[in-house]
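*Asks:* With chain A's structure known, arrange chain B on it following the hints.
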Amino acid sequence: MPATSMNRREFLKRLGILGGGIIVYFTGFDRLARARTQRAGFLGTGIPTDFNAFLRIGPDNRVVLYTGKIEMGQSVMTSLPQLLAEELHADYNAVDIIMGDTDLCPWDAGTFGSLSIRYFGIFLREAASEARGVLLELAADHLKAPIGRLVTKDGYVYVASKPERRVSYGELTKGRIIEKHLNSVPPLKPSSAHETVGKSFPRRDAIEKVTGAAQFSGDIRFPGMLYAKSQKDRRAYGCPGGRFCRRSS
Amino acid sequence: MKETIEFKVNGRPVRLKVDGERTLLWVLRTDLGVTGPKYGCGEGLCGACTVLVDDSAELACQKTVREVAGSQIITIEGLAQNDRLHPLQEAFVRHAGFQCGYCTPGMILKAYGLLAENPTPSRSEIIAGMDDNLCRCGAHTRIIQAIETAAQEMKGGKK
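Each protein sequence line maps, in turn, to chains A and B. Per my numbering, the first sequence starts with residue 1, numbered consecutively. Per my numbering, the second sequence starts with residue 1001, numbered consecutively.
Only chain A is shown next, with the shape it has when bound in the complex (with noise of 0.2 angstroms):
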């Protein structure tokens, strides 16, 4: 849902809260990306162009993900963070997952019809290469090397020649805020060259659910929360036993 309570500068105050960060905004005006948000938002799934950040990288070299999306069996807990850091060449266990937070997550129409990974994950993975983009030039700059002759590998940007040379994403990004607004449509890394993506990983969310911690919706209790129960007269719905059941017509 639209974060209504929220505008880019409460966002932003937040962010700075958090140590800042590298923001990646979708402004929709290339014409295949716009063309896809339209598909995708046919489908129920359009992203807005005006606020929607998908991640940040902290200052302890973390990587937050946010996402609309939420966990319901799929593994996209466990598969988005594969994607993003396969394009931003993260180390995936340094990659933390934000979902269905309406504070700081980007708005998303919801969790179904097997959209997260085939449109949200585009997204997502265009946000990540567009962000290390913006550490490769942040570093040129702090190793005095032309990108060129830069190399990025699990969170660290190094000098392909001398790998002594090296900075963290976290190091480049400490404490400040860097507002991108993607404008075209990034490189992706071909399938060929996937590193993350293709694995089995364990799922982020197995141990809360074998030991019944984790909390399914019915299984939220508020103080003084209410039960209701819908009756239903078994006359007349001619069911034995009063149970629900379609009726004849």
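I should point out that these hints are in silico values taken from the structure, not numbers from a laboratory. Heads up, the beta-carbon is just placed ideally off N, CA and C, and yes, glycines get one too. There could be a bad hint or two in this list.
Stated by the list, open to error - So the derived list for chain B, only partly shown, Cβ under 7 angstroms to chain A, looks like this:
1. 1076
2. 1080
3. 1089
*Replies:* Here is chain B on its own, set in the frame of chain A:
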């Protein structure tokens, strides 16, 4: 009519003043806040509410709270001991024996009851034994693998 009923839940004694005709499932979930046992169908057809009553896998939606007076109830929350997962829980993690996880508490406790009765079940005995527990995500084959793995490890003395 309200009566005083005592039993243990995950080792903790509870004493409740309740209508003894209420189901164990809803007393656990609402009165005691133990939400590991899930409400699936409420009619004893899906197994999501399975708990252990004196080490036997039972459907909590089909038991009245009066029937379990004086019993030891173990729910999924009480299966891990001293922060160590039970071999069944470990095996479900290793094999990803779930997708959404809603049937998982019932699956694990049903398997617990199955292995208590038959520690070395064949694959077809596992399938037959788990027949009353439904998973609509499609994790069935991995659930069977997880139970096979756990049976192996428990045979070796692991609990």
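*Asks:* Against this structure, judge whether each hint is valid.
*Replies:* Against the structure, the hints come out as follows:
1. Interface hint at residue 1076(B): satisfied, since its Cβ lies 4 angstroms from the closest Cβ of chain A, which is below the 7 angstroms cut-off.
2. The beta carbon of residue 1080(B) comes within 6 angstroms of a beta carbon in chain A, closer than 7 angstroms, and the hint placing it at the interface holds.
3. Hint status for residue 1089(B): holds, given a least beta-carbon distance of 4 angstroms to chain A, under 7 angstroms.
Every hint, counting from the list given before, is met by this structure.
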